[in-house]
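2 protein chains.
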Amino acid sequence: MNETIETLLNHRSIRQFKDQPLSDEQIRTIVKSAQQASTSSYYQAYSIIGVTDAHIKQELSNVSGQFYVRENAHLMVFCADFHRAQLQSDEELKEKMSENLQNTEHFIVATVDAALAAQNAAIAAESMGLGICYLGSLRNDIAKVSELLGLPDYVIPLFGMAFGHPDHEPEKKPRLPLDAVYFENQYADDTAIEEQIDQFDEHLNNYYQSRSENSRTDTFTGQIHRKLSKPKREDVTDFVRSKGMNRS
Amino acid sequence: MNETIETLLNHRSIRQFKDQPLSDEQIRTIVKSAQQASTSSYYQAYSIIGVTDAHIKQELSNVSGQFYVRENAHLMVFCADFHRAQLQSDEELKEKMSENLQNTEHFIVATVDAALAAQNAAIAAESMGLGICYLGSLRNDIAKVSELLGLPDYVIPLFGMAFGHPDHEPEKKPRLPLDAVYFENQYADDTAIEEQIDQFDEHLNNYYQSRSENSRTDTFTGQIHRKLSKPKREDVTDFVRSKGMNRS
Numbered sequence: 001m002n003e004t005i006e007t008l009l010n011h012r013s014i015r016q017f018k019d020q021p022l023s024d025e026q027i028r029t030i031v032k033s034a035q036q037a038s039t040s041s042y043y044q045a046y047s048i049i050g051v052t053d054a055h056i057k058q059e060l061s062n063v064s065g066q067f068y069v070r071e072n073a074h075l076m077v078f079c080a081d082f083h084r085a086q087l088q089s090d091e092e093l094k095e096k097m098s099e100n101l102q103n104t105e106h107f108i109v110a111t112v113d114a115a116l117a118a119q120n121a122a123i124a125a126e127s128m129g130l131g132i133c134y135l136g137s138l139r140n141d142i143a144k145v146s147e148l149l150g151l152p153d154y155v156i157p158l159f160g161m162a163f164g165h166p167d168h169e170p171e172k173k174p175r176l177p178l179d180a181v182y183f184e185n186q187y188a189d190d191t192a193i194e195e196q197i198d199q200f201d202e203h204l205n206n207y208y209q210s211r212s213e214n215s216r217t218d219t220f221t222g223q224i225h226r227k228l229s230k231p232k233r234e235d236v237t238d239f240v241r242s243k244g245m246n247r248s
Numbered sequence: 001m002n003e004t005i006e007t008l009l010n011h012r013s014i015r016q017f018k019d020q021p022l023s024d025e026q027i028r029t030i031v032k033s034a035q036q037a038s039t040s041s042y043y044q045a046y047s048i049i050g051v052t053d054a055h056i057k058q059e060l061s062n063v064s065g066q067f068y069v070r071e072n073a074h075l076m077v078f079c080a081d082f083h084r085a086q087l088q089s090d091e092e093l094k095e096k097m098s099e100n101l102q103n104t105e106h107f108i109v110a111t112v113d114a115a116l117a118a119q120n121a122a123i124a125a126e127s128m129g130l131g132i133c134y135l136g137s138l139r140n141d142i143a144k145v146s147e148l149l150g151l152p153d154y155v156i157p158l159f160g161m162a163f164g165h166p167d168h169e170p171e172k173k174p175r176l177p178l179d180a181v182y183f184e185n186q187y188a189d190d191t192a193i194e195e196q197i198d199q200f201d202e203h204l205n206n207y208y209q210s211r212s213e214n215s216r217t218d219t220f221t222g223q224i225h226r227k228l229s230k231p232k233r234e235d236v237t238d239f240v241r242s243k244g245m246n247r248s
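Residue numbers (full-length UniProt numbering), protein chains in the order written: chain V, 1 to 248; chain A, 1 to 248.
Keep in mind that a hint or two might mislead.
What the hints assert, rightly or not - The list that follows gives simulated cross-link-like pairs (lysine to aspartate or glutamate, EDC-like), each with its CA atoms no further than 16 Å apart:
id: 1; chain 1: A; residue 1: Lys-57; chain 2: A; residue 2: Asp-141
id: 2; chain 1: V; residue 1: Lys-32; chain 2: A; residue 2: Glu-3
id: 3; chain 1: A; residue 1: Lys-57; chain 2: V; residue 2: Asp-198
id: 4; chain 1: V; residue 1: Lys-227; chain 2: A; residue 2: Glu-99
id: 5; chain 1: A; residue 1: Lys-32; chain 2: V; residue 2: Glu-3
id: 6; chain 1: A; residue 1: Lys-18; chain 2: A; residue 2: Glu-126
id: 7; chain 1: A; residue 1: Lys-173; chain 2: A; residue 2: Asp-141
id: 8; chain 1: A; residue 1: Lys-230; chain 2: V; residue 2: Glu-3
id: 9; chain 1: V; residue 1: Lys-32; chain 2: A; residue 2: Glu-99
None of these hints come from the bench; they were simulated from the model.
Please put together the full structure from these sequences, using the hints given.
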């Protein structure tokens, strides 16, 4: 196993960081690594906002309800972004592009571009011994995040990422059995998947009971069902549409 | 610079592969690496279909119009997937979850989960000396791809990935200047971004004129405007809705 694969397999989310900043060089390396990820049609349809302003960090932390949005060595917000495409175009072209950018195809393109860049950022950071945590919690109030960062139309703040020197060592969280997520040629039938999930429910329950922090009784199926049975972030749909994307 | 960052910064898409298969061990390592990526709310809301059947590969290649969808050492299709969540639930719970899964929030969750897993797969493969190419072209006929792979509701085939031993050495494609994609605290104003893009247009034109394969005159702005002024994959919106996602 090479070093890179060790880094990938060793991932765990880090939520407590030492009081030690990232160097400018580290931040540049992280962003450069993010930029080199694949990008659909060469659009590079994403932007990254590095947040260093204490007031903005506090406000973002309030949106998320998570202290580590504020208490970290660096914070980035990853955005799907087709705003750059609108620049240096006349009114006629702008109108045509706006029309085309409305469909779900372009929302997928920009969301995937941002996510690939983010995952490269995560891997780059982890390879340097830093820890990271994705912050989907910023979508708790997506309009507020957009306003705080001054995001124009065609820019959607998808999630944040907290970076820093790890100050705890959480256990590695188990994943579904490979055969529950990887299929050959055809999607597996429900019975086969259910068998895999049953196994995993038992395995995960053992993990939860035995872990040193937050020990509890729980299963994968139980969690997923609990979470999805409640409405969540119902304003995201309209927010994205208000920015000119994913409307038709 | 460590090995992992070298791998990240050295990325280029590979479209010609040697006639040399991947071992089962390599495929497992790639999938295991994909699985260890971060996942929103622990949903693991994605699936990967490994395609080995010659007929399905040919059909997918027809959809994409790209020979390397067929001619590679291995092919995977990455799907946003909330189907697993529907299993082992009674009618009442199923209905509640279906209602909640319709919003754009859950479409973002599953799309990002799939993309993070895919990028880990790409990095794992590249760290082993393999080459990869993302295949957004499968969305040329997303309904056909779904049918070929037998995908149930709540499963969206987002893109493919071709893997293999590189049989060409394309130049590394330039990226936008860092200051055109990374901003501090606030989104940059248009003039500042336009200056960066002007520079990049010139730089990219030089790259296109000097490169050994497919030399031409072109700019970033020119390409982006050309591509976005034409309607593209307008059926993706309705397809995604027909699968129960991103509707309201």
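Right, here's what the structure says about each hint:
1. Distance restraint check for A:Lys-57 and A:Asp-141: the Cα-Cα separation of roughly 14 Å lies within the 16 Å cut-off, and the hinted pair is therefore satisfied.
2. In summary, the hint linking V:Lys-32 to A:Glu-3 is supported, as the alpha carbons are separated by about 15 Å, within the 16 Å threshold.
3. A C-alpha spacing of about 32 Å is found between A:Lys-57 and V:Asp-198, which places the hinted pair above 16 Å, so the restraint is violated.
4. Annotation: proposed proximity of V:Lys-227 to A:Glu-99 holds, straight-line Cα distance about 13 Å (limit 16 Å).
5. Under the criterion of a C-alpha separation no larger than 16 Å, the hint pairing A:Lys-32 with V:Glu-3 is consistent with the structure, at around 15 Å.
6. With a C-alpha separation of about 15 Å, the suggested pair A:Lys-18 and A:Glu-126 falls inside the 16 Å cut-off, and the hint holds.
7. Only pairs whose Cα atoms come within 16 Å are accepted, and A:Lys-173 paired with A:Asp-141 is rejected, the gap being roughly 28 Å.
8. Straight-line distance between C-alpha atoms of A:Lys-230 and V:Glu-3 comes to about 44 Å, which puts the hinted pair past the 16 Å bound.
9. In summary, the hint linking V:Lys-32 to A:Glu-99 is not supported, as the alpha carbons are separated by about 40 Å, beyond the 16 Å threshold.
The structure shown violates the earlier hints numbered 3, 7, 8 and 9.
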